[in-house]
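Please dock the two separately framed chains into a single complex, following the hints provided.
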Amino acid sequence: MSKVAFIAPAVNQELYNHGKQLFEHSIAGTAHVLDADFWSGDHCSPNYRDLEEYDYVFINENCEMYQLTIDLREGLPPKTKVIGYADGAYQDLTRMPFMPHGMLLIKMLKTVDAFVTLVEDAVGYYKLFTDKPVAYLGMPFPYEKKVRQFQIPLEQKREKWIAVAGQLTHCPLKNCIGNLFLTKKAEKVKILFLEPQPDKVKSFLDENNFAVAIHNHIVQDDFFKEYSRCYIGINLDPLGSLGRFSLDLAGMGIPVIGGPAQQHQKMLFPQLTFEPFLEVPKIVSAYQKLFSDLGFYNECRDYALHIIETEITNEKFMVRWNNIKELVNNV
Amino acid sequence: MSKVAFLAPAATKGLRKHGKSDISHSIGGVAHLMDADTYFGVKCNDYKEMEQYDYLVINQSTTMYRLTMELRENLPSRIKIIAFADGAHQDLTRIPFAPDGMLLIKALQVSDGFASIVEDAVDYYSLFANKPCSFLGIPFPYEEVKKFQIPPQQKHDKLVAINGQLTNAPLRNSIGGLFLAKKVKGVRALLCEPERDKVANFLLENHIVVDIHSTINYTEFYRRYSKCYVGISLDPLGSWGRYSLDLAGMGIPVIGGPVQHTQKKLFPQLTFDPFLEMPKIISAYQRLFSDLSFYNECRNYALNIIQREFTNEKFVSRWDNLRRMVDGTDKN
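As you go down the protein sequences, you meet chains A and B in turn. My numbering applies: residue 1029 is where the first sequence begins, and numbers increase by one. My numbering applies: residue 4 is where the second sequence begins, and numbers increase by one.
In short, the hints are calculated from the structure, not lab data. Each hint can be trusted.
A partial selection of chain B residues facing chain A, derived with a Cβ cut-off under 7 Å:
hint, residue
1, L95
2, D123
3, L130
4, F131
5, L169
6, P173
7, N176
8, I178
9, K201
10, F205
11, F278
12, M281
Simulated restraints, written as ranges between beta carbons of each label pair:
hint, chain 1, residue 1, chain 2, residue 2, range
13, B, R321, A, R1123, 30 to 36 Å
14, B, A14, A, N1040, 37 to 43 Å
15, A, F1324, B, N171, 45 to 51 Å
16, B, R97, A, K1310, 21 to 27 Å
17, B, R19, A, N1236, 33 to 39 Å
18, A, D1249, B, G189, 54 to 60 Å
19, A, E1354, B, A14, 56 to 62 Å
20, B, R226, A, T1341, 54 to 60 Å
21, A, L1182, B, R97, 36 to 42 Å
22, A, P1106, B, N171, 37 to 43 Å
23, B, N171, A, P1105, 38 to 44 Å
For every residue, glycine included, the Cβ atom is placed at its ideal position computed from N, Cα and C.
Isolated chain B, as found in the complex (with noise of 0.2 Å):
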């Protein structure tokens, strides 16, 4: 049985052992999977340490970099470094491209393989070193998010959640979401926005409709959002999505972009260029609300996929591979 040790960034700057992690929509489930030990850090002070195991996977971010590199230098070539994509994949053109992506190719580059969260963005990565590159994903607790599904027939009011904040995360376009909501009429938006006195003026002047709410807890997101009808997540960030896979676990269908992987792989009735394809994103939204066999079909399509594609034994069997790729015993 290998040994895997899980780094993700923290304030903290030396590298600190949190044991194992339980399973979660999150990094912390990619974590439980691999049966890894999790570390938080961005600095390793004991190599030695390091040395009980087979692989580190390294939750990358621009704190990361620099770890991964000294990590790969310092320790015996036995010992694999596989670095895991977090952010998007246009990271590496909105970073500053000095120092932060000379050092992210650098990285990957000197990794022994790479994960990546969007199946897709495997070939882009791979433009820039010759390292293993393989889509991994993150473990989706569905048993868990299934509890919170709420029949459609029972969503009397017509609730429609919107993905990012107006605020702190403009990128989300959640502006987008927010006018595409109104193109039917009666709907009230549900939103994430921590500043709320400071938008509460133009969501007024703008006739949208909006239940605000601050940060929350998984448990209290899954409650809420469970009573929406639709999921908005016009997002241009290319990442894997877990907004559009928690609102499809409730069975609730999402009209969203095609740079997130599981938007794609759960809607494709749903799924649009956020920009450039408007009348076809109008016309799927208001469909939604007047076609009620169209609105169960996206759900049970998504349904569907979840409980065959987003599974643990899904997910073990892909880390399988990679580490195969990683080892050189990989046939393929």
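Okay, chain A solo, but in the shape it has when bound (with noise of 0.2 Å):
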């Protein structure tokens, strides 16, 4: 049984060791998949020896962990592999400045003993910077265990409540306007949607005539419950990612709308799927097709809940990982 060290951020801090985690829907449940020791932090003694117990170290990406990877892979003898774990958006390369983020990014995709994505089809564009293994691997979910009980049979949905994804204030890169507007091509919805700064959008969202119910952040319990009871949900977000909220909506048996950036919106609903803003007539054509047309909109739920029940299931990602080890051992 090999031992894995799961490293994930946490700014101007020391390495430390958490133990195991419990199964949650976030990086923690890879760790937990994977039978991980927990760890975070984005720096790490000189010495290394605590990490040197471990057969593969694996480490959350971001710009505060490139230099991290780079000295553990310095550091470590070389039966320890490490790997890097893409988080954030595949697009950050061209997001970061370049210097000295994103060199160092891509000399962290040359150092590490392989590289595993979050997205399937981006598996070949960060091949184009380094001659080491890439591959998918994704993320668990936690169908069975958590998610299927907030199904909400249709029938009880009698208000139309639209999930929409992003944030207008914090993070308007994920294009939550766009979905925003695009709820008013369907007559008398209902919007829910995450915005930390309720005062600074309410005057806006009043004069657009938006009727929505904003909420600040919460826990993912709180998320399931509250989301739930939505009709549909938007997230045409084109930054290049898991697509969690996509996830998580399909899991609770609810169609969602979004672009085929994402991993899991591609993957569940191949036909809410289009380029977020240069397909929009096709997008308004099937939010309002959900509308009108039950059977799409079951055909639609019901595909999406095969999928994760065939496809977004530990044992598939066990098989990707098992692939994952051979491809580093093989190098």
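Now the structure itself:
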């Protein structure tokens, strides 16, 4: 049985071992399924001794972790394999300052023993920058254990609540504004979305006649409880990442309209996946069809649930992980 | 004959009249074909002066949203205010929502019409306003650019033009272009990078053979880049796609992304998602070097489209349509 350490970022903190994790829908869930010790921090004492006991050191990458990754690969014996785990969006290399972050990211990709991604189609892009193995891993999803219990039968959803992804003030990049204005293409809908600064956007939302319920940050269980009442989700996010919003809603039996850059949106809802800026007529048409055609609604919903049950399983995750280990050890 | 003013952003505050513009591949070219008076500035101190015009076309950027609203508020309704999209169609998601995003939406809602430089993005803008919105584009001085065409058989060095800059504009994905260039042996890349010293070591360590130049004027751009065999513009920002068009006009095939208007129109066989279709991108790039008939097919298709679709006549016809929509005389 191989020993794995999973390292998550914690700014200005020396690496610290938190032990094993529970199964959550987050990077901690990855550590759980890998049976890894969960570490956090962004730098390491010079002797690296504590990490030498592991066969695989798995690092959740962001710009604070590139240097640590490079240092660990230099400092640890070759028998301990260092694996970079993509976080954020695959466009990050073009979204951060090239100096020093972009250069460090490329150096990290070339230094690690392997790099694993959250988006299957982005593997080829990362491969441009390194000769090391790059593969899709994804993230586990606690469907049976948690999310499934939040499914509400459609006939109980009398009000047409629309779940809108993103935040207006904090994260405009996720195109929350496009999601919001799309909702207006159907009548009598109510919108549920996260916005930590409601005072700043209230008059704008009033002027544009949005019926919204705004909430602040909430814990996972409250998210599932609140959003389970929604009829449809909109997630026209152009950032290429896991697509957790689409997956969470799909797990509760809610169809989501979204963009092709997110792994789970594309996998789960092929009939509801469109380029967020350039395919608006198709988006509007699909959105309206979800209200007018119950057969189409159920087809989208059932397809997503089928894919969750057959493809987004811990077993499939472990098969991918075992393949990656093989790739790393055969180099 | 209607009178048009074209307003562009500038560091100076009060609007200043610069008169007529020459034809060029820029917003100046737009003003030229509209026979517009060009103004630069971000604030109007003399509304009376603006009252002489029938149409005010305002080149939009964050500094121009307020001006657009103020002009609409203070000028009589017979003068039509038309917002002209500049930047990328993703801008609404790239600027701070409060206040810039809110102001952009308000500018869209108060303008009498909106002109986009990406045809497929018209409906995205239309989400936010009930006003007429249509594709206009930018004129292209092909007859001038044509002079820089060099037959591919005369290009012995395999020089690859890379769009973007590493330090100043990483968003344009020049890093992807540079690493793609390496997928063919013996090529040299040509790149604009004003901070050469800062990236020289990185390029050397990564075995990227590249000729770097600093910012240059149009003529120098055409002179230098006409020597290139292939261009790479894997830019994910949705805009006009001037780089692809300039190179196409010189007879150079360009590999690029689908969100740029000209790339998609000119090079359908060389257009791919810049991040998600890398195996296809590499294959098309290598084929341009190994298959001369494919190369010529891509090149000739683009030249044909330029001569048929990127003409002043087509631009003026779109401008006339937009005016009719704004005036409410368009029957469609």
